[in-house]
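Asks: Below, each chain spelled out in residue letters.
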Amino acid sequence: MEHIITPKVEYVKLLDRFTSKKPTLGTLYLTATHLIFVESSTDIRKETWILHHHISTLEKLPLTSAGCPLLIHCKNFRVAHFVITRERDCHDVYSSLLRLSQPVEYEELYAFSYNPKQKEMDRGIGWKMINIREEFQRMGVPNVHWEQTDVNENYETCNTYSSSLYVPREATKPTIVGSSKFRSKGRFPVLSYFFKANNAAICRCSQPLSGFSTRCVEDEQMLQAINSSNPDSSVVYVVDTRPKLNAMANRAAGKGYENEDNYSNIRFQFVGIENIHVMRNSLQKLLEVCELKTPSMSDFLTGLENSGWLRHIKAVMDAGFFISKAVAEENASVLVHCSDGWDRTVQVCSLAGLLLDSYYRTIKGFMVLIEKEWISMGHKFSQRCGHRDSDPKEISPVFTQFIECIWHLMEQFPCSFEFNETYLLEIHDHIYSCQFGNFIGNSQKERQELKIQERTHSLWPFLLEKQYQYRNPLYKPSAINTVLKPNTAPFNFRFWCGMYNRFDRGMQPKQSVLESLQAAMKQKTELEETVEDLNQKPLHPDESHFTLNLPTKLSNEEHSPQTEVLGATQDSTEEHKGPLANGMQELVETISDGTEERENILDSSLMHQSASNHSDSLTLNKLNTQGDEEQLEICPNKDEK
Amino acid sequence: RPGTDRDREREREREPAMMSGRPGLRSSVRAVGPGFAGSNCCLSPQSCSPGRAGPRRPSEAALLPGELVVSESSNVRKCIATDTCAHDLYGTLLCTNFKISFLTNNVTPFQKCQYRNLLLAEHDVALTCVEQVVAVNDAKKKRKVLGPTQHLKFKPTELIIYCKDFRIIRFRFDESDPESARKICLVIAHYSQPKDLRLLFGFAFAREQSQDSADGVNGPDSGWQTPLFETYSDWDREIKRTGASEWRVSSVNENYTTSTSLPEYFVVPSSLADEDLKQLAPSFNGARIPMWCWHHWTGCALVRMANIKPGMQLRKHDRRILQAIAQSHPEKSGVFKSDLDKSLPRVLEVQAALVRLKQLCIHDSFEETEEKWLSSLENTRWLEYVRLFLKHSAELTQWMYNKNISVILQEEEGRDLSCVVASVMQLMLDPHFRTTRGFQSLVQKEWVAAGHRFLDRCNHLGHSDKEECPLFLLFLDCVWQLLQQFPAAFEFTETYLTVLYDSTRISLFGTFLFNSHHQKVQQSQDLASNGSLQCEGKCLKLPPVWNWSLQFTDKDLTLFNNPLYIGKSVTCVQNGTIKSFKRPKKNISSCFCSVYTVKNGRLSNQPDFFTRKNSTTQRPSRDLELNESLDQYVERCFRDWFSKPLDLHGLILPYMGSPHTRLWRQCYLRWIPEAQITNGGFISAFHQISLLADNIETLQSRLRQYHHPLLTGSPHVNKPRMYFRNEDFGEAGMPDCFSSSFPYSPIGNLCRRSILGTPLGKFLLTAARMWPSTETLANED
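So the protein lines, in turn, are chains A and B. Take the first sequence: its position 418, counting from 1, is numbered 417 in our numbering, and each next residue is one higher. To get our numbering, take the position in the second sequence, counting from 1, and add 3.
Keep in mind that a hint or two might mislead.
[Claimed, not checked] The calculated DMTMM-like cross-link candidates involving lysine to aspartate or glutamate, where the alpha carbons are at most 20 angstroms apart (straight line), are:
no., chain 1, residue 1, chain 2, residue 2
1, A, K59, A, D15
2, A, K180, A, D339
3, B, K394, B, D643
4, B, K394, A, D298
5, A, K292, B, D643
6, A, K118, A, E464
7, B, K375, A, D298
8, A, K484, B, E677
9, B, K375, A, E273
10, A, K21, B, D643
11, A, K444, A, D339
12, B, K345, B, E416
13, A, K21, B, D634
14, B, K375, A, D317
15, A, K45, B, D643
16, B, K319, B, E278
17, B, K469, B, D199
18, A, K292, B, E638
19, B, K647, A, D503
20, A, K254, A, E219
21, B, K647, A, D42
The hints are simulated quantities; they were obtained by calculation from the structure and are not laboratory data.
Same shape as in the complex, but just chain B (with noise of 0.2 angstroms):
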């Protein structure tokens, strides 16, 4: 392992002292020479006037608090297309704690307007963002995949970073110094694999946030008051939106006591004692103990678990689960068990489809495989998991929507397949999740909250391969399926939901980092003990990712809201009021319980599952014919749904065929500059209805002024809703800036031909096409 690291770490250690006490959220720090940042000064942001700047020195880094420039490589070229190198770049490659940032006084060539993320600039990489680093030299023909620790005995001529979001960025050192090339490649490989989670940047934040008097973490805006359930209230709320009386919030967890995966708070049938659950929390997987997600106004609910652990009392603590659950229904009608290991692809398969996807959407769709390109999207499996996913919570949905039966989802660990398939139901069933705060308050409950591994799933710290799974992605794409389907019935625009893909991979985020809320605590008690953090209260202030102003103006958010989206106003969650509902009559043998599982492929009723009961062995609904297959009967269902007028505030449920799953192009082909279509895309049509929406939106703030002068004067009515506003286009008609990659701009990410269309070039096609392989090339020991 290099020394000049282990300067680098100590150096991180002092740093804090140095940077404290100083003012703001931002600020501005410049780098001294070449291949030495350790030792930066830090000034004010009013002394790094724009006149100090000299002439080949590109603009300052903008630095976050706790953030340190840990190399810099002068005179470093970015290359913009692989065949021709009249595009590329000039300027200055710094590697600090957080990012890889490139710092050019040259203007990107064919550049059009991008979203302006302000905290990663437009050449900007988060190092979490990073997935490989290459290290190349041409003239010995000799090319390195570079681990954390490793030594490179090679003066890289070239420095090829691949992105998790699919961008792949190639720098040049051939008029810069050799050495600080090669330190810097060092540098970006070590810092972006970290060793130990405490190294992630979000730590390093909350350090300085701590320090700083000023809060601007949890702040009045802050994350737009998503509840975080981690509260005993934002539980009880969520019983209480949802009319769920037979459920209570149980604090059997308090202080992890039960379940470290498990949060502090959740929700319980109520009959079932702390004492139980205390009791019955050996017995499962992680000790997870079955977790309420949902209720159903008519009664059923939506439950998840983990499996229960072989041994003498499984089949015991099973009836009893199943027992407290069926008896908080109001009609005592049986549950549906669905084991979705056995359902739905496996962790690995999803993880190796999204490698393909990669591969294909990168390399191979271009020239090569132009005729191939649905079988090769085909072999990804990407898609049809998309619709698996869809339809397997689809078919659950009817079990609560037209049987009234509550659902349970079992799955080994209760932290993987079911957090999709709970939160794709929710989504299908429960307009309040379509509305952005919704959305948000669901991704905590049945993400964050409810335990998935986010530091392995999304593989921070770059050595739990075997565990990465991009669950989360799979989910956001089946949001964007149903979001196509029904584009009027989400409040939020794909953009969000890129916008929060990317986010996951912004380590300054507390929301995504960690395995479990209870890691979180973990994390921060450790620090504090250290005493290099103190922190109030038990828990580190990593800001949550629904901060959004930390990433975007207030203008740029605009481009959240969906013109198209048809709103009814969610009043009944916030006043913590039973929503009242009417309760369906009573009309079936309230003893009667039973529990429903699929056996191939058919239905299998175990009416004798509760052996006290089984006196009672009437069919448990009218309806339910259990010499109908399966899928007669859920096609039945889907077929009576889409046979009624359309209720966008009640169950939507997407098509599943075929032709309808399609591929999220601004997900996965943004960076791609040969997929853009100028001056065309959906945008052009977004743009369009932004700017009807913001016509009529304008209108009735000229209508309310006129009758009502007095009102107008609070902001909240004021605001404009949309991105794109017709004061901003006047009669000139839609900007020349479109492509169908807004709001991104792939412009300036390596593409395989020169932007203007000459031959295609060569490099790609010998040294890109390993990744995302992640074996490491011998070439050179």
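Excised from the complex, chain A in its bound form (with noise of 0.2 angstroms):
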């Protein structure tokens, strides 16, 4: 609380990004961890809160006749234009913020001060909820050609690997030692995915210190025991993300790629990803093109090319794709390693598993992927994110790439996915918060410096309890895994409106049909169970009686007081408002044949809204009644009693 001056601002107001509509005007408070905007002036209290740790950006505008403005970027890509009446105001909250932002020390960090009212063995069974041995284990491993070693226990090996890695069980200690000299931070090849159905792997590490002409028996021994663990391949693709130039450049620093000649049975390739600076300049590049006031097709189009986002986008997809084709279809391993083994090694590495494994494409699938891959193998989240005040340079929005991947996948294949977009947002929005302790810090064991589980919360119980909103509704779960074939022609990458123009109301379409439908599985669910629970009482006279008139109900739409047995489930959809409710409502509307009903409900707009609450509830009967069959099977029997 030291950094806020001014705790309360009155009279400040929010401009809008796009429209030139008149500013909404309102009172900003500061608070230790959110900057909250409150509107004054409207019927229902709308709030606008700003978690410090989101604030990339602040900056003040020179001073205009209506105030001081005062101009915020959000790492989640959020702008909050405000304009502040008293310049002495503005620049308190303009101070204060940017202390706020920049937290020094991690102690700071809004996950050592949130808390959410859990019990304190609640909080420790959430931390061991993702537990990566047992990923393992589902994958296959330890097996006759895997297992786990205790090499790193300590961390003495390679500080920002986890402790517990899985290596081919022909390498010895000597070898994966050896290895680990010969490669940059000391990060040897690991088993990142099993695929079990022929034994091909993934593995990671980084790149190694050859030079021009260094060799290492271990580092070919190590590469020699992942080519052997995998009988029906004889060659590993040892496959480099840098752009060919960058790798060559690297050489001269000692460090480099594989020569194919010292190696037995590998086969080099690079893809051309490139590094972590091109992807933040790139960002910047995008982020100008989404705040361009309604930009012409051609300032769009010509913009969105020129930031080459897409096409990065494109080169990671390309990566991955490549990669699990390898794994796939050539039933051949592939070494996957890019300078470091942190930045475009996960990227791919994640992607690859994920079109690999349909377990990764679930909700908690996507957790134990994130954990295993970018987690717990030293994806350096508080310095790519900056989370604290550091050098800007190591900021990247690796991640970002990461999710904006899975969405479009999720484009191409949209039944193929249990969450939603929501979800990917949260998380994103998660890695930034600091609201949980999964992501700070940027290895295992600085997060067990930090002592993070002891005295933080974890997300995933957090997102796990929230789920149904989550929940992708077109998802299909099949019962043998498939492996994803995205297509990657370069008309297949749009921009993403949903992440980069998120807060910007006017940028969204007006009507989701991803919405509509999850509003109805989630009611659907709750109905189910409604009935199960009418279903197992004794039927009295008057139940059977409801059940009976349920149908006869549907198409006469009128109120009736056996709608009220449901009087539960009427408060729940009245939460939703008009479009979702409607939605869901008159889809069924547009299948039933009754015609002459529908004309009343639309006779006026408020008789509709009131209509559609109350049809909503009967709207679920009907989709509850398809889930529960039974309860159809039911009804011509009581009638004959």
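Using the supplied hints, reconstruct the complex from the two chains, each of which is provided in its own coordinate frame.
Replies: So this is what it looks like as structure tokens:
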């Protein structure tokens, strides 16, 4: 609190970014964790909360007649443009935010003060929810070829890796240690994903310290061990995710890439993903395009192309697809690296895993994937996200790119993911929010030193609790594992409005299919429970009357006392705003053949509103009966009685 | 001009006599020998049992009444990929007076399911869909774009057919008889560029039909009861549906005595008598008197008109018309005139954009332009134009919706841009037009009846290149953009739009064949006076495109139904009863009229326009601020609308922001193998939603059955509406056959790489590059 000079400023204007609409007037509050703007003029209390950790840049623009403008860019791509009447106030808010948004110590991060009033035991259980060892067991590891090694138990071999690592059984400890000495930051080849179906594996490491001609026997043995762990294939693909030029430049610094002649049976391949600096600049250009006020088609497309952003996304996708093809179609194992093996390598390995394994396309599986590839293997979240005031050159949207790749896959395969866009955005938000401990620090070792598990909460149980919001109603789980084969032609990559223009209300589609389906699915589940309850009660004549009359009511659409039986659910539907609830109601309406009653509903919009709420619960019964066909079977019997 | 063609011609003239009295709509004809087709024998369907087909002989071509095989070449190879012949198909290439057909016993590799068109089989191309025919001899390195009446001095080893729907089809003649190969190349070129409208297949078909006693065309399901707006009553019903009480149907153009491009009946302000119209007509281009399109329930109307010819009476006539339109407004509140020629791209520009888009989608999008896809897309300008049309239409709706001011669309002839704008505006404003039936009536009203020059704009005869313009496609693209943003607002699906677009290329249907209805009547009469056709009434019986059962089975037609559609019955239409609506209070001086136009981006008011009435100089309406720039005003209106909850049965306005204007994948990329997403794409979501909708439908019918056992017998109740149904799939889940191109399958059309993804072939880089340039390469002479 010591950094807050003025906790409350009145008569602040919030400008709309795209329209010349009259700015909204309100009060600005500054708390220890959030900047809150409360609109004063509206009947409904409307609040905008901005987490300090989300603030990426602050700008005080030149004074205007209306006041002193303060422009805030957030890491989750919100842009807030305030105008504060008194320059003094503006300056106070500015300097407070400047300090609050750039914590110096880890301890200042929100996670260390966030208290959701949870029992200590639950917190502990929450941290244990995801277990990497279980995940490897799910993949079928350890097995005859792969085993867990204790070589890094105390982070002695590689301090950025986790302590439990999986390596080929054939690789001895001296081989591993020798190999790690020949790899940048000691990041020797370890198992990332094992493809049960054909024993092919994806491994990851950092670049070799090969320089122009250095060799390392242990490293060569290590790759040989990876090769022989997959008896079905005679070669290992070595994928260097960097552009060839970058890799060659590294040779001068004593690093570089594998020489195909020194290793037996490797096939070396560059895939050309640019480095973190190029990506950071590209994102910057993309955001400039987003901020264009009513761009022409030409400005937009050219700007988008010049940013290069979609090209980079495509490069990541191509690399991931290349690896998944090698594994699934050629039965070949793949070793992936970039420079240090914690940026491009993670993106590509996790993407390939997700293409190969439908488990990672579920809500829980996606958490496991992030935990396994990103968190435990030392993606430098704190540096890349700029959690603390540190070198701005280390900041780069590596994880954002990964999330965007998943979104593109979801666009191509709308029924293959258990989760929806909201889930991706939520995770993306929390990478920066520091509300939970998962992404704080740069390696597992660092997190242990910070005692993250003892002092903060884990994000995953929090997300699982709200998982109904993240469900994709179109998800179709399939019994057999399907490997996704995305099309990576350039026209499949388009600008992701939902991410980069997420907070600009005027940019979101007016009608979202997913939202209305989702609401319907949720309500359906609730009603299934209600009906289940009703079925379990002994049937009184009244209630049987209800069940019998339900369908008649569906076609009559009139208020009758029987609806009150469903009072509970009616409440829940009222929370939903018109379009959502209407959406599903009318979806069902459409299908029904009764036409006259629909006219009634639409006579006046007011009537419509109330009628839709009413008929919603009816709708749900229709949906519900669909889920529970027994209900239908029961009806005739009861009639006989 | 080769003699063979003249023979063909003669044979075609003779043919009807031979073919008469054949039962049924469809029959099978077996071609007898290669290269000799004119005298093919005609067999009844029973006699061509499958057992009679020889082992090397492909199955018989299915021919329509009036369809004749004109040339045939056997042992032709259809190429599938450019870099390998491993997947090529062997068969017989046929050309009839309707289509190019390739008959093969080979199964297309990797072929998954395809939507079956009853008129055109998997390898068929309608002649009207052919854009360019190129004959190639690779040994001599010769290539020639074939015109309608050209010679071919070299022996073609290859025939490449570029289609208007973005397909490229390539045949090789390595194993076939060179003479028959040369012949079929010339025949295809000749028949795909007929010199006269009456040589289009529709006429041959209609001729057959008129001799057939059993009339299969105007059967009970004829066009899903789509009003064609050829009669007085269709217009009258539309007036009543919209409640346009101050407008009337005029029969001043009966027998096309006034204008040859206007329909015989159309709607005009009640205050103008037919005599007035006759007097005014000559001063308009093409005598196109302003024509009413639509009426908003608040009283304002949408009107389209041609420019007034410059001259002494310009101002006088203009005033007269505007006054009459203003008079037809219950509040007499003025009109807004939009000069479309000034605010929208010209016809030539739209055509050039499509040419560039085609070039991009087919040739450049894969390897070479990987880096530059977005700017290449930008360079086509197509999306920009789509956006401009949407934007302009959306802005104009605001005058009617917010201001209750009538809108006049003015254009040189009033037959091109105004078709797009008028129909897009009505789609935004009136939910009726978002039903399938309503949409069809809209196309009929604003395009066919209003005299859009389909013959020239679609270039059916292949020699009006300068007139060609894909305005109808542009319109469908606009509808698709709306459908993207309002997935539950339309009764139909994007597949319906794509099919409709394809149907403009099927010369069987009369809907899109003529420049005006008058032309159709004229042609019929000419034919009748020749004695080659007896037509009852005054017109040919060409089936309307709305007769969907000619093209698809009932099951396939369910793919037109949008499972998300939020329906509302359209009962007010059928009975011809006047829909009741509330009249707003008349609180504005009823003698005041003004005309608004746009000048330099600002609204200009001409209150003194009506000289007699310039005594009243008050502001037209309270919230019209003339000092506000037009853009600001429109933006304010949009903002108001966007801040309100969505009513799918009211006005819908799309976001016109650049990220929201997208490329219509299904239409432009469906024939490109490289663009397919296997087991993915929108179709997989569509499938899931359909199953949900079907689930509900099934349950409802069961509930109904339980409660009203007597009602269930009616077929209307039991007809499934969804293409994908639960019973078809069971537990197995989604069929494996989906790709993003569904219901089309690009496999079988030429792709650059082999389907298995081996390296890039060289063929297209050289041979196909030139397309769609129409310049003839004079390698030969």
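Asks: What hints, given by number in increasing order, does this structure fail?
Replies: none
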